[in-house]
Amino acid sequence: MDLFSERFFENGVKVCGFAVLALLVLIFLFVAKEGLGAFGKVGDIYRFWGHWDTNWEGKKEYLHSWQSTGDVPKLSFLPLISGTFMVAVPAAIFAALLGTGVAIFLSEIAPRAVREVMKPALEMLASIPSVVIGFFCMVVLAGLLWNSVEPMQTHIGDALFDGSLKEANLSLYQKWIYDATRFNALVGALGVTIVILPLVASLSEEALRAVPQELRHASYALGAGRWQTILFVVVPAAIRGVGRSWLLGLGRGLGETMIVVMATGNAAVITLNPFQSVRTMTATIAAELGAVDQGGLVYHTLFLVGCGLFIITFFVNFGAQKLLRKGMGAQR
Amino acid sequence: MNRTKLFAGLFALAMIPSAHAGQIAIKGSDTMVILSQKWAETFMKLNPATKISITGGGTGTGIAALINNTTNLANASRQVAPAERAQIQKGGKKLLEIPVAMDALAVVVNGKSAPVKALTMQMLMGIYTGQINDWKEVGGRPGRIVRYCRESNSGTYEYFKEHVLMKKDYAPDCQGLPGTAAVAEAVSKDGRGIGYGGVAYFGKRSDVRVVPISPGPGKQAVSPLQGTKVVFPLIWKRVYPISRFLYMYKAGALTPEEQKFVNYVKSPAGQKIVVDTEYIPLPGK
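Chains as they are written, first to last, in our numbering: chain F, 1 to 332; chain Z, 1 to 285.
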């Protein structure tokens, strides 16, 4: 190749690399700039925490609520952040358990013929559009879960009514079931699990395959059995890569939008009950951004929500990166 | 080769909607989307030169699009708020408000478990603001009330908040669903659910029951339906307490095409489509 072509390709590739970096920075700057428009005075930060209100009995109470329409918008971020984690954390845990199991199966146990079928199937799971999965959750999963929960709820309700059960004596689980709704955080979390699973499984599998064969051979040579080797030698050796895949799964789950909009019920409630309806940051932005007038308080606040989400996801992914870098130095 | 590319590019450009003569873009109310589509279909059959595109997204989205000049007309199931009106005037345009039909905002409960036989406006407000949390407090079998509502971009949501909740906030555990059809689906599957929306979405369904509403203490409860058909005089005379107008809005003057479409909508033929879609025609038609 002549000098011109070489220079052309080299510079072209450099531009691509820097363009990606520039894109990231510019997107963040745009979102941050629009988000900062939500602050007028220094004291405005408290409006995003909560507000005082008088309840039906005339008592004053401090509420964290999100009601963005009306004469006085209530814009507390707390229920949104709570909702986001109520969906993403259980999803990340389920995906970690299932995904690591799949990864161990694929890398240590499965014969090659099975691998050849399962890996493409996993990729295909990843390529299902999340709106389709959200629809599946809304129509099928929510119904299935409700068929198990509702009879229990009716039973508890009847028992409370005829006095055989006192409200103060309910166990935590019973209280959770009594407050349950058909669209809830758990249904959303299950949907997000389906979306995160291929990511966690494939990254964990790579980490497990990267463990050198010598370690396995050494373990067998010392008399360990197959499962002893897998659980106490291979997985600990790969734990940095596997842990990183869990964190990346969490990061992906934090940003999931379509599934939570359709399946979680979108109620801005602060709760630890997975059977209750929650409202995530992503669903709020998706549902409300189309209808606000550009330049108003709620418009800027929604960008601030996006900014907050950006920062949370950034820290999760950053943590994942640090984990990997440490791992590469620490091994061998 | 170059000429083909040029024509392909021009062809693609011609596909961009809404800014064209002969093209009308209408965005907004989910309540009105089916009605609007039927109007557009029949109008386009009579006037093949005009292309009308209808999208939903909620009244809020439609009015925002009107403010941002990304649509020609906006469908709305509530009136424009003063703040929104000011935004449009700021752009130098006068807001044109066109009532095109009426609607009864029906309140529904599950058809099988039917927790209540009727409700008063006061009870309805109490239920949706979180003051009343159990069906036994409003005369039904004991059980927690599960509230279904729309998202904040919905005109139905806003109208309900202003006229039934008297501008109070919704209870935080009201579940926001994307459209009235979703509300109907959810209430049909939830024995303790309550929901609201344009009566057209509920009239023919047997798995939800429309609840008669009484306008005040001591007054008789009124249902917008008799059997499965809506009774128009109840809405025209506001005997059914939650009756509302449906509007089309334009920022500025109507173009000749748009004027033709609006005339069609308000004509007897257009109002007949309103009746067929189970909405209520304008009074006096």
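It is worth saying that the hints were derived from the structure and are not from the lab.
Idealized CB from N, CA, C, for every residue including glycine.
One thing to keep in mind: the hints can contain errors.
Unchecked claim - Over the 12 Å line for every Cβ pair with chain F, so calculated as not near, a few chain Z residues:
hint: 1; residue: Lys27
hint: 2; residue: Thr61
hint: 3; residue: Ala81
hint: 4; residue: Glu84
hint: 5; residue: Lys94
hint: 6; residue: Glu97
hint: 7; residue: Gly111
hint: 8; residue: Asn153
hint: 9; residue: Lys219
Unchecked claim - Restricting the straight-line Cα-Cα distance to at most 25 Å, the calculated cross-link-like pairs of lysine to any residue (SDA-like) are:
hint: 10; chain 1: Z; residue 1: Lys219; chain 2: Z; residue 2: Lys229
hint: 11; chain 1: Z; residue 1: Lys167; chain 2: F; residue 2: His64
hint: 12; chain 1: Z; residue 1: Lys90; chain 2: F; residue 2: His64
Evaluated hints:
no. : hint                : verdict
1   : Lys27               : 9 Å, violated
2   : Thr61               : 4 Å, violated
3   : Ala81               : 9 Å, violated
4   : Glu84               : 7 Å, violated
5   : Lys94               : 18 Å, holds
6   : Glu97               : 18 Å, holds
7   : Gly111              : 16 Å, holds
8   : Asn153              : 3 Å, violated
9   : Lys219              : 24 Å, holds
10  : Z:Lys219 - Z:Lys229 : 23 Å, holds
11  : Z:Lys167 - F:His64  : 19 Å, holds
12  : Z:Lys90 - F:His64   : 34 Å, violated
Figure legend: structure checked against the earlier numbered hints; hints not met, in rising order: 1, 2, 3, 4, 8, 12.
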